[in-house]
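> Protein chains in written order, with this note's numbering: chain B, 12 to 196; chain A, 2 to 311.
Since the hints were made in silico from the structure, they are not lab data. Fair warning: there could be bad hints in the mix.
Derived SDA-like pairs: lysine to any residue, alpha-carbon spacing no greater than 25 Å straight-line [claimed, not checked]:
#, chain 1, residue 1, chain 2, residue 2
1, A, Lys43, A, Arg62
2, A, Lys42, B, His124
3, A, Lys34, B, Asp52
4, B, Lys173, B, Arg135
5, A, Lys43, A, Thr20
6, A, Lys72, B, Asp92
7, A, Lys43, B, Ile94
8, A, Lys43, A, Asp17
9, A, Lys72, B, Phe153
10, B, Lys77, A, Ile41
11, A, Lys72, A, Gly127
12, B, Lys23, B, Phe153
13, A, Lys42, B, Arg88
14, B, Lys173, B, Asp41
15, A, Lys43, B, Pro136
16, A, Lys105, A, Thr93
17, A, Lys34, B, Met127
18, A, Lys43, B, Lys173
Listed here are the chains, written in short residue letters.
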Amino acid sequence: MSSGRVILNEQKFGFTLQRMCQQLIENYHDFTDTVIVGIQDRGALLSDRIVGMLESQTKSKLTYGKLDISFHRDDYRRRDDVIAPSPTTIDFIVENKNVILIDDVLYTGRSVHAAMSALQQFGRPGRIELLVFVNRRFNRHFPIKADYQGMSVDAIDDAFVKVEWEHLNGKDQILFFEHREKKST
Amino acid sequence: MSTPPFSTNHLLGIKDITTDDIQLIFQTADEFKDVLNRPIKKVPSLRDVTVANLFFENSTRTKLSFELAEKRLSADVINFSASSSSVNKGETLLDTVNNVLSMKVDMIVLRHPTPGAAVYLSRKVGANIINAGDGTHEHPTQALLDAFSIREKFGSVAGKKVAIIGDIKHSRVALSNIFCLQKLGAEVMVCGPPTLLQKHISSLGVQVEYDLDRALAWCDIANVLRIQLERQEIRYIPSLREYSLFYGINQERLSRLDHEITIMHPGPINRGVELHSDVADSDHSIILQQVENGVAVRMAVLYLLAGRKG
Numbered sequence: 012m013s014s015g016r017v018i019l020n021e022q023k024f025g026f027t028l029q030r031m032c033q034q035l036i037e038n039y040h041d042f043t044d045t046v047i048v049g050i051q052d053r054g055a056l057l058s059d060r061i062v063g064m065l066e067s068q069t070k071s072k073l074t075y076g077k078l079d080i081s082f083h084r085d086d087y088r089r090r091d092d093v094i095a096p097s098p099t100t101i102d103f104i105v106e107n108k109n110v111i112l113i114d115d116v117l118y119t120g121r122s123v124h125a126a127m128s129a130l131q132q133f134g135r136p137g138r139i140e141l142l143v144f145v146n147r148r149f150n151r152h153f154p155i156k157a158d159y160q161g162m163s164v165d166a167i168d169d170a171f172v173k174v175e176w177e178h179l180n181g182k183d184q185i186l187f188f189e190h191r192e193k194k195s196t
Numbered sequence: 002m003s004t005p006p007f008s009t010n011h012l013l014g015i016k017d018i019t020t021d022d023i024q025l026i027f028q029t030a031d032e033f034k035d036v037l038n039r040p041i042k043k044v045p046s047l048r049d050v051t052v053a054n055l056f057f058e059n060s061t062r063t064k065l066s067f068e069l070a071e072k073r074l075s076a077d078v079i080n081f082s083a084s085s086s087s088v089n090k091g092e093t094l095l096d097t098v099n100n101v102l103s104m105k106v107d108m109i110v111l112r113h114p115t116p117g118a119a120v121y122l123s124r125k126v127g128a129n130i131i132n133a134g135d136g137t138h139e140h141p142t143q144a145l146l147d148a149f150s151i152r153e154k155f156g157s158v159a160g161k162k163v164a165i166i167g168d169i170k171h172s173r174v175a176l177s178n179i180f181c182l183q184k185l186g187a188e189v190m191v192c193g194p195p196t197l198l199q200k201h202i203s204s205l206g207v208q209v210e211y212d213l214d215r216a217l218a219w220c221d222i223a224n225v226l227r228i229q230l231e232r233q234e235i236r237y238i239p240s241l242r243e244y245s246l247f248y249g250i251n252q253e254r255l256s257r258l259d260h261e262i263t264i265m266h267p268g269p270i271n272r273g274v275e276l277h278s279d280v281a282d283s284d285h286s287i288i289l290q291q292v293e294n295g296v297a298v299r300m301a302v303l304y305l306l307a308g309r310k311g
């Protein structure tokens, strides 16, 4: 399998995470009335890291959960396979809370759309903001944009962007593949 | 997620599905159980799916459970019962189903008194078929929810000793349970009067026991079945009173055991016959958990079967 091109190396990866955390702290201070929700599966890898860094820096315990969107996806019955769900671990309600929704890559916007639908099961949030590591600029299907982004990438439809994590892939980095079928598992 | 795909377009029996299928159903049911405990107990997955519940036999909890599962998944639901239909005017099963399907129905949940009815339909029509009980053959969703309830209580089904007690001969629940529990690595025993056990039941790899107290002493879990009087064309037992004396489970009997066992029952219970109230309503019983799990398991089956591109 051919490897992708590194578009964010390990050092810049750390700086970027740090910058996003600082932006969140600047806007939310001690995170009162604010909850963080990571989208399963890959968004939750980013939210795990972000929450760990925020808790370390603010010396406080954040309200944090992971949201599975399988049952709210709009491509159900339109794929050859059925997506098996991952656990949703939200033991709080989001009624009137600020929700920081986290995903790794924003592409068509359909996952975020499904996540906002799934989130309704936990109450009516006061406000939802979106944080993504990579914002793919082209081929958005919904009027959705990120409030916080690590980096922006101009990638056409056939391309694939993958966020890799040290504990899973050996290195923190972001890879760019010209063609989707070259995606690593 | 890197899980093996669901191997079938229909759920006709446990015998036909793989252990991976069962595990995928359980994994999915875990998440639906979580959904059912939220303030809003509904997801939109089946919003463009129409399901017909065709019940050619009486049913209370299976029909209600399927209907609730379908509605929790946002499916459109139509119900059909044989007693109030054109079946009474001589219409065949295939004609009835084809008429229903011409109304653009995507899935059929079928209960029928004839063994093999669901298999027959799956070969004749294009919709996904779920067998909700076909005569004395199989009742796969009941076996799945039974095994799911055991897994929930004990963490795993593998290695558990399960005694299925009662009218095995006429029970589709027994047969599906045997297949399901064995696929998941449990040891299975059947126990009942010789007249209510099939002659060659041991060829399925189950232990056979005629003495209830010995079966209870052996097992971790007793799945108690009712006497199916409606299927007894001849008298297999002298009387219900005698059956209750030899095969009725009461607290006094359980107190003689040197370990605690878990009591299950697929319902409806004949209280005072196979199960006494002091056991059915005790902490040993997970009968109501079975009913609760039934909705989540049926949601998982519907979700996995309907999800493929048509």
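> Each hint: holds or not?
Hint-by-hint comparison with the structure:
no., hint, verdict
1, A:Lys43 <-> A:Arg62, "20 Å, holds"
2, A:Lys42 <-> B:His124, "19 Å, holds"
3, A:Lys34 <-> B:Asp52, "19 Å, holds"
4, B:Lys173 <-> B:Arg135, "32 Å, violated"
5, A:Lys43 <-> A:Thr20, "28 Å, violated"
6, A:Lys72 <-> B:Asp92, "23 Å, holds"
7, A:Lys43 <-> B:Ile94, "18 Å, holds"
8, A:Lys43 <-> A:Asp17, "30 Å, violated"
9, A:Lys72 <-> B:Phe153, "28 Å, violated"
10, B:Lys77 <-> A:Ile41, "17 Å, holds"
11, A:Lys72 <-> A:Gly127, "22 Å, holds"
12, B:Lys23 <-> B:Phe153, "30 Å, violated"
13, A:Lys42 <-> B:Arg88, "21 Å, holds"
14, B:Lys173 <-> B:Asp41, "31 Å, violated"
15, A:Lys43 <-> B:Pro136, "18 Å, holds"
16, A:Lys105 <-> A:Thr93, "19 Å, holds"
17, A:Lys34 <-> B:Met127, "21 Å, holds"
18, A:Lys43 <-> B:Lys173, "33 Å, violated"
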